[in-house]
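Turn these sequences into a full structure, and let the hints steer you where they fit.
Chains as they are written, first to last, in the working numbering: chain F, 1 to 335; chain G, 1 to 375.
Among these hints, one or two may not hold up.
To be verified - Simulated crosslink set (DSSO-like; lysine-lysine; CA at most 27 Å straight-line):
1) LYS206/G with LYS312/F
2) LYS335/G with LYS90/G
3) LYS302/G with LYS335/G
4) LYS145/F with LYS90/G
5) LYS43/F with LYS75/F
6) LYS237/G with LYS302/G
To be verified - Simulated coverage check for chain F against chain G, where a stretch passes if three residues somewhere in it have a Cβ under 8 Å from a Cβ of chain G:
7) 95-102
8) 302-314
What the hints contain is simulated information worked out from the structure, not anything from laboratory work.
Each residue gets a CB set at the ideal place from its N, CA and C atoms; glycine is no exception.
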Amino acid sequence: VSALHALLARLIGDFGATLVLGAGTILGYLTFNVLFLIWLERKVSAHAQRRLGPMEVGFHGSLQTVADMLKLLSKQLVTPLATDHFTFLFAPILIFIPTICLTSLVPLGDARAFAEMPNGLVVVVVLSGITVIAIFMAGWSSNNKYAVLGGMRSVAQVVAYEIPVLLSALSVVLIAQTLDLHEIVSGQHVPYALYEPIAALIFFIGITAETNRAPFDIPEAESELVGGFHTEYTGMRFALFFFAEYTNMLVLGAVGATLFLGGWKGPLAGRWPFLGPVYLLLKAYLVVFLMMWARWTFPRLRFDQLMNFAWKLLIPVALVNLLVTAIVLEALPLR
Amino acid sequence: MTKPPIPDALDTYVLNMGPQHPSTHGVLRMKLTLRGEEIVAAEPVIGYSHRAHEKMAENRTYAQFLPNTSRQDYLSGMIYNFAWVEAVEKMAGIQVPERALVARVILAELNRVASHLLWVGAFLLDLGAATPFLYAWDDREAILFLLESVTGSRLTYCTGRFGGLSRDLDADFPRRAREVLAKLKARWDEYEGLIEDNVIFVNRAKGVGVLSRDVCLSYGVSGPTLRGSGVPYDVRKAEPYGAYPRFAFDVVTRTEGDVFARYMVRVLEMRQSVRIIEQALDQLPDGPVLTPDSIGVKKRLKLPAGTQYYAVESARGHYGILLVSEGGTEPYRAKFRTPSYPNLAVLTDVLPGHMVADAVAVLGSVDLVMPEVDR
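Set out below in structure tokens:
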């Protein structure tokens, strides 16, 4: 990697080389990740439903999503006449940008993350909120009632669920005394999920809602809103929304793993640094698996119940939890 | 109950749910007037799968109409098939052998369980739970295998003949049926905990789409939907037909009238059906399943002139056949009173005030089969 970096640095400068390599690695991995996650989702759902799932293409259907992706690529892109064209075309691209930015912020190992910031956690929270703008753009510009309803629901939902996510992340910040994701991990000798089980649970529920996953998948509730905000999208544009959803799951899972499960730390990770990313990904995929498990087990909440759940239960509990954390930390000088 | 006034047009918008929509179960169009996500007015628009069954009945012999019967309600076709056969038998005064009478009860109740199982799956899918759907279909599949072994078809059965059945139950059938029933009962115990104790499901279903007893009666609602509103009306008890008077079973009722009550009625009704089937299997007599003087389907059966109404309890409610004969080989008029039609009409009254998500739940809970509404 360093040789390649040196070669590129001679051509386009040091910064450019880092950018190209980093972006290439991240985008390449994310593409693989989406294919893997869709396959995993199919397998999880199949086994939850006493089925086998895809079995034909590749070993246990492992190449099924590749085939599907090729199919989607070959499909005609339909833009309905009544759409707001610019917004309609821009939304599937915009939904991807914050997710990619997020990926670069998560520390993969003891070495510094690709784009590390001293206030990383704040940036993470802000960026994860931007996706909703793209979803709303898609819903609004489609000029379809189902899509508008889906977009509206999404905005209300993300606004409501960002607060508990933020509050639960703050209780970790109180313990770690820093907003830097890298330092949160390096100070984390015992996974914070053990100190903060309630915060971890709230964070998990919050990110499930933020990624529009069942049982909080009301923006795209199939039985009510047909396709929700992406009703009018076809082919690869539709696939981009899918891409974004699964990438978001992984990234928020990784953020969750960083905050609560000790990030890249694990046995022998200190001696062999390459184990760091492996541990982080394993933990992130564990979170993602839990999200999938929930999806195939629960029915969907109704919209008002969803809002009640956030405003009347999650936020008060998260606030009290934050307060208790602060008091306990003051009362018992642990460090 | 009066319809709420339609408010200012600027305030609201119209959402056409259907005719192609994942939750309208076939081709129903719900014209919903919404304010935000709240329903102000709901109007079912039907007729998308009208196939003129009643007119077709006037143009063909009684036997030629047999294949049409199970296509009115493709989910409990057996019951509709037997209803037509029994209506004609009653008018013609044809005696049916004992074995056929009991076998009809077994087959019809198996079909009712299959229909309810499909409903449980589809209804929970409407609420966003995808997994129960496949569990329910897996169970239903076991019943369909049983029915297929007797009738040769999986969905649109045509096994009734004037004077009995086209085929006999084979010697192995009672054993296989008992095996399936035992398996189903064990599984239902498991589902009970998974579904009825699920907080999300209970919140979605309780207190939603309440149909009062009076509204139900004024619309002519029947079947599990009516029994969920506390009216113990079941044609099998109210006007017993076939071999039903011989078997002990309870009419399941709930008083709440909400979506949850309708769910519970259907789930408990499946257990009552199993009870009937088990008794019927015990009492299944030997002998022929088709009366020797049956004239078969190839020759033309003439019915005496007259008018007659015959009703059965289908999986969806009171299914009635009004036959008018002028003494010929074809009916002068055949009118079908299908249960889904009033069950759908009542939604106009119950939906306003609910959210869109509830509309899906309520629509699912009355168990519509659109070809049966349109006929």
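We went through each hint and held it up to the structure:
no., hint, verdict
1, LYS206/G with LYS312/F, "20 Å, holds"
2, LYS335/G with LYS90/G, "16 Å, holds"
3, LYS302/G with LYS335/G, "18 Å, holds"
4, LYS145/F with LYS90/G, "53 Å, violated"
5, LYS43/F with LYS75/F, "25 Å, holds"
6, LYS237/G with LYS302/G, "31 Å, violated"
7, 95-102, "violated (count 0)"
8, 302-314, "holds (count 4)"
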